[in-house]
Amino acid sequence: MFRQKAGWRGLSLQTRLCWAGFLFVLPALLHLIAFKFYPMVEAFRLSFYTYDLMSPPVFHGLENYRAVWNNPLFHQSFWVSVKYMFGVSIPEWFLALALALLLNRRMPGRPLIRLAYFFPIAMSQIVVALVWKFMYNPLGVVNTVLGSVGVGRINWLATEETALPALILIGIWRGIPLFGVIYLAGLQSIPKEYHEAATIDGAGPWQSFIHVTIPLLMPTILFVMVMSLLSAMKVFLNPLVMTEGGPNGTTRVLPYFIYETAFAYHRMGEAAAASMVLFAFAFALTLIQLRLLRRGGVE
Amino acid sequence: MRRFLVVCSSFVLIAALWAGSVFAQGITWWEHSNPPHNNYSKELVADWNKKHPSMPVEYEFFAMTPYFKKLSAALSTKSAADMFTVIDTLLPSFTTKDVLAPIRPEWLGYKNLDDMKKAYLPGALDGYIHEGKLYAVPMIAATFSLYLNKKHFREAGLDPDKDYPRTWEDIGRVGQKLVKMQGTTMTREAFDFAMHSSAWTMWYLEGLTRQHGGGILDRAGKKCTANGEAGVKAMQVRSMYVHKYKISDPTVSVATNALPADDVPKGRVSMFITHAGSVAQFGPKMMEDIKVVPFPQVNPRKPVSVVYGFALAVNPQIPEAKQKLVHELIRHVVKNPKEWYEKTSYPYPSANFLELPGMDEARKTRHLDVFIGDIKTGTYVTRTPFYLEISDAMHRAMERVVLKNEDPKASLDQACKEIDAALAKP
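One line per chain: the protein sequences are A and B, in this order. Quick note: the first sequence uses numbering that gives the first Met the number 0, first residue 0, plus one each step. Quick note: the second sequence uses numbering that gives the first Met the number 0, first residue 0, plus one each step.
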């Protein structure tokens with residue numbers, strides 16, 4: 000005991016602070032290792048094995064990657080994911096910014112309006128999926144409203160042309176408030192003096208927005224772009240609850256393909272290989288975004 | 000000697016503690032969700048627990064699709080319940096991987112498997128036998144029959160007792176009198192198939208394909224034959240009510256129903272093919288307006304239908320003594336086929352089911368003869384460990400034909416390509 004105390008006291012303040020800091024982050028680090036890094040490493044290892052959940056895994060080299068590459072359903076799912084990702088994210092970038100600009104203005108009842116806009120992300124995702132499923136029902140509220148203006152009945156979730164756009168719309172509706180709040184925080188961190196100086200120099204609202212707000216908001220914009228793409232890429236629950244990937248695979252996003260391959264078809268190795276492809280795609284996309292935005296002057 | 004005695008008594012103590020710990024937990028039982036069925040299971044569990052307070056049953060049920068995924072994962076991690084329900088279509092996935100304990104007929108009160116078979120309807124155990132061993136005890140034998148709305152029939156000037164369809168073509172002809180349109184919008188379908196899941200698609204399509212003399216796979220189960228002449232004809236029937244007769248509209252019968260047959264009690268469809276459990280789901284009031292007739296046929300003189308079922312299986316990870324106790328529980332669950340039927344509306348596939356006291360009334364009022372008739376003409380669907388991949392491929396093929404009016408042959412060719420690729424995998 001004495002030795003330990005002497006040992007600890009013998010350390011420099013800097014070293015002791017380092018150790019204290021390390022001990023503080025240790026629980027979070029252990030959590031990350033156990034529940035994030037280890038499963039990732041295990042999934043990578045599993046991608047080289049044939050494993051059906053019930054028999055022992057058998058090493059199969061790159062066979063799972065070949066099987067995934069030759070599977071037309073994987074390619075279909077990949078493109079569905081890409082369409083969903085950009086279909087949701089691009090409108091989110093602009094609409095969330097517009098919402099944040101609106102909520103950043105002084106107006107009566109502003110806190111209440113902010114709360115109302117934040118409501119969709121406070122709701123459980125499964126509840127959202129079920130509520131929208133009933134709204135999209137051929138005899139549901141969406142068709143009733145459209146019917147009142149003369150639009151014929153549409154089976155939103157069971158028609159190839161409409162199923163994915165219907166899911167995209169929910170993704171946008173749910174994502175805008177979250178990213179709107181992030182933009183709002185970014186807008187509120189811009190000192191008012193910059194805008195005042197621009198106004199004194201004769202800049203109008205548009206010029207002030209383009210030359211002051213946007214450059215100063217660039218780190219937030221980068222964050223929103225990366226996060227919205229990544230979260231859209233991981234979408235799973237809505238296709239699972241609302242369409243089960245149908246009709247004809249038009250809403251089978253890559254995470255759903257992985258889930259189906261693993262837990263319905265018991266091909267864990269192939270599912271792990273597809274997960275690695277998804278991971279590589281997400282990683283590459285994030286790197287490209289960071290590179291492009293750094294070129295634009297954001298560090 | 001003293002040391003020897005200490006070692007022996009320690010060993011006995013440890014063994015007793017281990018055995019005690021195994022039994023102290025009671026028996027766990029998992030099932031899929033089905034409201035009338037689950038309520039009856041709870042009653043059976045309460046009765047068991049009263050009689051066996053030292054070995055209580057802990058009962059849980061889960062929504063069907065996630066349940067079977069949970070079960071697979073639990074079997075792989077050796078954390079499944081002691082007893083669980085399985086659907087016959089998944090049996091090959093489990094039996095080929097040795098994750099189910101063989102059922103011991105002698106523990107259920109039979110001399111052997113042949114003796115047990117005699118107590119059931121012919122073929123009722125076939126869906127659960129693998130390499131001569133039984134792996135589950137049926138609790139539900141289900142088939143598909145045609146439900147008609149008598150009110151709709153009478154409104155259209157049809158007599159439901161005489162004019163009900165016997166063949167698939169009859170449905171088209173009768174349906175043209177039953178369909179209701181408002182301008183170009185169909186407000187009531189004359190007939191529809193459920194579209195909500197690949198399992199139902201496969202049951203319909205396999206029945207239709209067999210009626211045309213074909214099958215989904217070849218005899219060896221190694222190659223897809225669904226794109227043959229029989230399969231193409233089956234797919235043409237599957238889609239003709241939408242495209243040829245125009246009495247069915249997939250935008251009316253929705254994939255978003257809580258129960259697949261929900262359009263029937265809501266009056267949105269006049270004829271629908273569903274299972275016997277719908278009688279309990281609709282309730283006696285609604286059933287007053289419903290007539291149930293046999294599964295439509297290509298040739299009513301040679302009826303062919305499909306059966307499917309749910310059965311009770313035993314976890315092989317539990318000790319043999321506990322397996323024996325789980326067999327006792329199975330006996331307790333299936334002991335009263337009449338009560339089972341009254342509470343769940345699913346006929347129990349025992350050989351003497353129709354002769355049980357009180358069944359005469361059910362034959363007259365609850366269409367029992369029709370269901371048993373369809374069960375007797377039915378056989379289980381394709382046996383393969385790749386069943387889910389096959390049914391998903393067939394479901395997509397059906398969606399292409401029904402929703403996009405694709406050529407049935409081309410669509411089935413694509414499905415067979417996907418199925419053959421799945422069958423070729425290790």
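Bear in mind the hints are in silico, worked out from the structure with no lab data behind them. Check each hint, because a few of them may be wrong.
In silico BS3-like cross-links for lysine-lysine, where the CA-CA straight-line distance does not exceed 30 Å [claimed, not checked]:
hint	chain 1	residue 1	chain 2	residue 2
1	A	K35	B	K69
2	B	K243	B	K301
3	B	K232	B	K245
4	B	K321	B	K110
5	B	K77	A	K35
6	B	K69	A	K233
7	A	K233	B	K68
8	B	K132	B	K149
9	B	K363	B	K161
10	B	K50	A	K82
11	B	K424	B	K132
12	B	K424	A	K233
13	B	K290	B	K337
14	B	K403	A	K233
15	A	K82	B	K416
16	A	K35	B	K68
17	B	K284	B	K375
18	B	K221	B	K68
19	B	K221	B	K176
20	A	K82	B	K403
21	B	K243	B	K290
22	B	K110	B	K96
23	B	K375	B	K116
Owing to the predicted nature of the structure, the values given are computational and were not obtained by experimental measurement.
Against the structure, the hints:
1. K35(A) <-> K69(B): holds (21 Å)
2. K243(B) <-> K301(B): Roughly 26 Å separates the two Cα atoms, so the pair holds.
3. K232(B) <-> K245(B): Holds. K232(B) to K245(B) sits at ~18 Å (cutoff 30 Å).
4. K321(B) <-> K110(B): holds (21 Å)
5. K77(B) <-> K35(A): Holds, because 23 Å separates the two Cα atoms, which is no more than 30 Å.
6. K69(B) <-> K233(A): Roughly 21 Å between the alpha carbons, so the hint for K69(B) and K233(A) holds.
7. K233(A) <-> K68(B): Holds, at about 20 Å.
8. K132(B) <-> K149(B): violated (45 Å)
9. K363(B) <-> K161(B): holds (17 Å)
10. K50(B) <-> K82(A): violated (59 Å)
11. K424(B) <-> K132(B): Judged against 30 Å, a Cα distance of about 26 Å means the pair holds.
12. K424(B) <-> K233(A): holds (28 Å)
13. K290(B) <-> K337(B): This hinted pair holds, its Cα atoms lying about 22 Å apart.
14. K403(B) <-> K233(A): holds (29 Å)
15. K82(A) <-> K416(B): Roughly 26 Å between the alpha carbons, so the hint for K82(A) and K416(B) holds.
16. K35(A) <-> K68(B): holds (22 Å)
17. K284(B) <-> K375(B): holds (28 Å)
18. K221(B) <-> K68(B): Measuring from Cα to Cα gives roughly 25 Å; hence the hint holds.
19. K221(B) <-> K176(B): violated (44 Å)
20. K82(A) <-> K403(B): With Cα atoms ~21 Å apart, K82(A) and K403(B) stay inside 30 Å; holds.
21. K243(B) <-> K290(B): holds (26 Å)
22. K110(B) <-> K96(B): The given pair, whose Cα atoms are some 27 Å apart, holds under the 30 Å limit.
23. K375(B) <-> K116(B): Cα-Cα ~15 Å, so holds.
In the structure shown, a violation is registered for the earlier hints numbered 8, 10, 19, in ascending order.
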